[in-house]
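**Q** First residue of the sequence shown: 1, per the UniProt record's numbering; consecutive thereafter.
Treat the hints with care, since some could be wrong.
Claimed, not checked - The following label-pair restraints were derived from C-beta to C-beta distances:
1) 22 with 58: 47 to 53 angstroms
2) 46 with 24: 28 to 34 angstroms
3) 65 with 42: 30 to 36 angstroms
4) 40 with 20: 25 to 31 angstroms
5) 33 with 62: 55 to 61 angstroms
6) 62 with 30: 28 to 34 angstroms
7) 65 with 25: 54 to 60 angstroms
8) 22 with 43: 52 to 58 angstroms
To be verified - 20 angstroms max Cα-Cα, derived SDA-like pairs, lysine to any residue:
9) 26 with 38
10) 37 with 53
11) 37 with 49
Since the hints were made in silico from the structure, they are not lab data.
Just so we're clear, the structure is a prediction, and the values are computed from it rather than from any experiment.
Beta carbons are placed, not taken as given, at the ideal position from N, Cα and C, and that holds for glycine.
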Amino acid sequence: MLKTAYIYPHNTPSIVNRGKIINYTKYFITDVFCVFKLALLMLLTGALMVGGLFLVVGMPYFVVSLFI
C-alpha cells in the first residue's frame with residue numbers, strides 16, 4: 001500500500017509533465033510559425049509599399065526621360 005502510494009506520485013508527474021512539454025512545444029511551434037507568417041506578410045506589404053512608392057515617384061521621371 002505504502003509502496004504503491006510512493007511509486008504512484010512519482011510516475012504521474014512525469015506523464016503529466018511530458019504532456020505539458022508536448023503541449024508547450026506544440027504551441028511554441030505554432031506561435032513561432034504565426035510570428036514567421038506575420039513577418040512574411042509585413043515583409044511582403046513593405047515590399048509592395050516600396051514598389052508602389054517607386055512606381056509613384058519613379059514612373060513620372062521615367063516617362064519624362066523618354067521624351068527628353
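**Q** Compare the structure with each hint and give your call.
**A** Evaluated hints:
With their beta carbons about 52 angstroms apart, residue 22 and residue 58 fall inside the hinted range of 47 to 53 angstroms. For residue 46 paired with residue 24, a C-beta distance near 32 angstroms keeps the hint of 28 to 34 angstroms intact. For the pair residue 65 and residue 42, the supplied restraint of 30 to 36 angstroms holds, since their beta-carbon distance comes to about 33 angstroms. A hinted range of 25 to 31 angstroms holds for the C-beta pair residue 40 and residue 20, which are about 30 angstroms apart.
For the pair residue 33 and residue 62, the supplied restraint of 55 to 61 angstroms is violated, since their beta-carbon distance comes to about 40 angstroms. For the pair residue 62 and residue 30, the beta carbons lie near 45 angstroms from each other, so the given range of 28 to 34 angstroms is not met. The supplied range of 54 to 60 angstroms is met by residue 65 and residue 25, whose beta-carbon atoms lie about 57 angstroms from each other. With their beta carbons about 31 angstroms apart, residue 22 and residue 43 fall outside the hinted range of 52 to 58 angstroms.
Our distance criterion of 20 angstroms between C-alpha atoms is met by residue 26 and residue 38, whose separation comes to about 18 angstroms. Between residue 37 and residue 53, the direct Cα distance comes to roughly 24 angstroms. Violation of the 20 angstroms bound is thereby established for this hinted pair. Restraint check for residue 37 and residue 49: the C-alpha separation of about 18 angstroms stays at or below 20 angstroms, so the hint holds.
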